[in-house]
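Note that the protein sequences, when read in sequence, are chains C and Y. Read in order, the letters of the first sequence are residues 1 to 294 in my numbering. Read in order, the letters of the second sequence are residues 1 to 169 in my numbering.
Read the hints as simulated data drawn from the structure, not as lab findings. Please note that a few of the clues may not be correct.
A partial selection of chain Y residues facing chain C, derived with a Cβ cut-off under 8 Å [as the list claims (entries may be wrong)]:
(1) 96
(2) 135
(3) 158
The calculated label-pair distances, taken between Cβ atoms and stated as ranges, are [claimed, not checked]:
(4) Y:149 x C:75: 29 to 35 Å
(5) C:197 x Y:126: 21 to 27 Å
(6) C:122 x Y:149: 34 to 40 Å
(7) C:7 x Y:102: 43 to 49 Å
(8) Y:93 x C:47: 23 to 29 Å
(9) C:79 x Y:122: 45 to 51 Å
(10) C:265 x Y:126: 29 to 35 Å
(11) C:7 x Y:94: 19 to 25 Å
(12) C:220 x Y:106: 45 to 51 Å
(13) Y:149 x C:12: 31 to 37 Å
(14) C:7 x Y:124: 32 to 38 Å
(15) C:186 x Y:3: 47 to 53 Å
(16) Y:102 x C:222: 23 to 29 Å
All C-beta atoms in this analysis are idealised placements derived from N, C-alpha and C, irrespective of residue type, glycine included.
Below, each chain spelled out in residue letters.
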Amino acid sequence: MATRTRPRSTRLLVVALVSASLVIITLDYRGGSTGPLAAAGRSAKAGMAPLQEAVTDVTRPIGNFLSGLANLPTLAEENRRLTEEVATARTDSERFAFLQAQLQQLEDLLGLREQLDPEAVPAVVVASGVSNFDWTITINKGTDHGIALEMPVVAGVAGSPRLVGKVIEVTKLSAEVELLIDRDAAVAAVIEGVDEAGLVVGRGDEEPVLLGIDPETDLVGDENVFTQGYEVSGQPGVYPPGILIGQVARVSPASNSLQTDVAIRPAVDFSTLDYVLVLATRSRDAGADEEPAA
Amino acid sequence: MVRRVLAIVAVIVTALLLQSTVFGQLRLLGVRPELLFLVTILVAFIEGPSEGAIVGFVSGLAQDMLLNEPKGILALTLTLLGYTIGMLRQFIVSPSPLLPTILVGAGTMGGVAFYVSVSFLLGNFNQPATTAVRVAVLAGAYNAVLTPLLFPLLRRLFEGSRSRKVVRF
């Protein structure tokens, strides 16, 4: 008798679990980012972050060692290239210091300091997203450290930042960052020197693309691409202006003749991100559940 | 029973931790393994369709909580995957040691394809089809490579936590 009822009880179990899954999908769609399931998701992420940080602390040195071994043949060439770049950068930074002093005076006059010179909160990358279809990272700072939704995240130093992405979810002790290369990411950008503006969109494993460029624009390659600060109805955009996104890699014609697509080589190596800075450009008292302003 | 539940929870949490930390760096052509697919398929292989479906549901829901996608899609996917593999196992009697590896590889590819299809139907998938196919194939291959390492561990864990039968006269 136990054997005869077993297949039937298994089928009933599967039907119940499938029904439960469908109910969960429906509830999550209806509840959105403020529903109970989204709150449960945030709690789960908050609980996992300390564990992820502990695992990363142990495995990061091992991973860096193995990565160094694998890249040994190319390290000498990269070292030479970086030495040349440092020499150039030293020259540029002296001029930059002079321009920075002038800019500071102007910002003080116009009251623009908070937007253009935001406070930077350092954070450690403790995990990457669990899905093969999302490009996100988790950092070890949250609302307790002044992090809020939609804050831009950069790598490098505050004086010469390189764009990583923006905060899309935040708990008390951790935050999730959508990377520039994620397919849902979009950043208003401008090409240095030609003053052409467009929209950089992520394409996952492929290079991001700068859309909306005039086909007549003369591009030779390696031009720097920076974020373009903007305002809509008096509200500032997510990203402050002047953050380096990357360099022009190649130009290809779009599907229409009115614009051309420009592939961008990101300034950040997203596969080796260990430390980032969160730019506190927004001074809202955001808790974990607050929605960003429209 | 309690020991078995704790063992399953520990395996799921460990798989999620490894997938988001260690395997975030160790990728196969840019793709990481789908460890919860691997766990679900191996549990279904060892324990049968009921346990496969239950572990699939719990694993899927656990990973759904860490995603920004709608919750429940992965729970649905892994429930059906666990049940299907468990049912197939009852009809496949080959003693070949490659059987778990083949089931894991094929099951992972089919599971990822199902997940992508459901996400697409719900309007939640904006990647090209080539990306989905590439991820399914590479994740399946990566899972298949990891199977000989994890199958003995999981089998030992589940057989060790099985309650002993008591014969009463």
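For each hint, the structure was consulted:
With a cut of 8 Å, the hint placing residue 96 (chain Y) at the interface with chain C is violated, because the nearest CB-to-CB distance is about 26 Å. Annotation: residue 135 (chain Y) was flagged as interfacial toward chain C, and the flag holds, the nearest CB pair being 5 Å apart, inside 8 Å. Interface hint at residue 158 (chain Y): violated, since its Cβ lies 18 Å from the closest Cβ of chain C, which is beyond the 8 Å cut-off. A hinted range of 29 to 35 Å for the beta carbons of residue 149 (chain Y) and residue 75 (chain C) is consistent with their spacing of about 31 Å.
Judged by the Cβ atoms, the range 21 to 27 Å given for residue 197 (chain C) and residue 126 (chain Y) holds: they are separated by roughly 24 Å. Against the hinted window of 34 to 40 Å, the Cβ-Cβ separation of residue 122 (chain C) and residue 149 (chain Y) comes to about 37 Å, which satisfies the hint. Taking the beta carbon of each, residue 7 (chain C) and residue 102 (chain Y) are about 25 Å apart, not inside 43 to 49 Å as hinted. Judged by the Cβ atoms, the range 23 to 29 Å given for residue 93 (chain Y) and residue 47 (chain C) is violated: they are separated by roughly 43 Å.
Residue 79 (chain C) and residue 122 (chain Y) have their C-beta atoms about 49 Å apart, which keeps the hinted 45 to 51 Å range intact. The given range of 29 to 35 Å is broken by residue 265 (chain C) and residue 126 (chain Y), whose C-beta atoms sit roughly 23 Å from each other. Checked against the given bound of 19 to 25 Å, the beta carbons of residue 7 (chain C) and residue 94 (chain Y), roughly 22 Å apart, stay inside it. Separated by about 49 Å at the C-beta atoms, residue 220 (chain C) and residue 106 (chain Y) satisfy the suggested range of 45 to 51 Å.
At about 35 Å, the beta-carbon gap between residue 149 (chain Y) and residue 12 (chain C) stays in the expected band of 31 to 37 Å. Distance hint for residue 7 (chain C) and residue 124 (chain Y): a CB-CB separation of about 34 Å, consistent with the stated range 32 to 38 Å. Against the hinted window of 47 to 53 Å, the Cβ-Cβ separation of residue 186 (chain C) and residue 3 (chain Y) comes to about 50 Å, which satisfies the hint. One distance hint, 23 to 29 Å for the beta-carbon pair residue 102 (chain Y) and residue 222 (chain C), is violated here, with the actual separation near 48 Å.
When held up to the earlier numbered hints, the structure conflicts with 1, 3, 7, 8, 10, 16 and fits the remainder.
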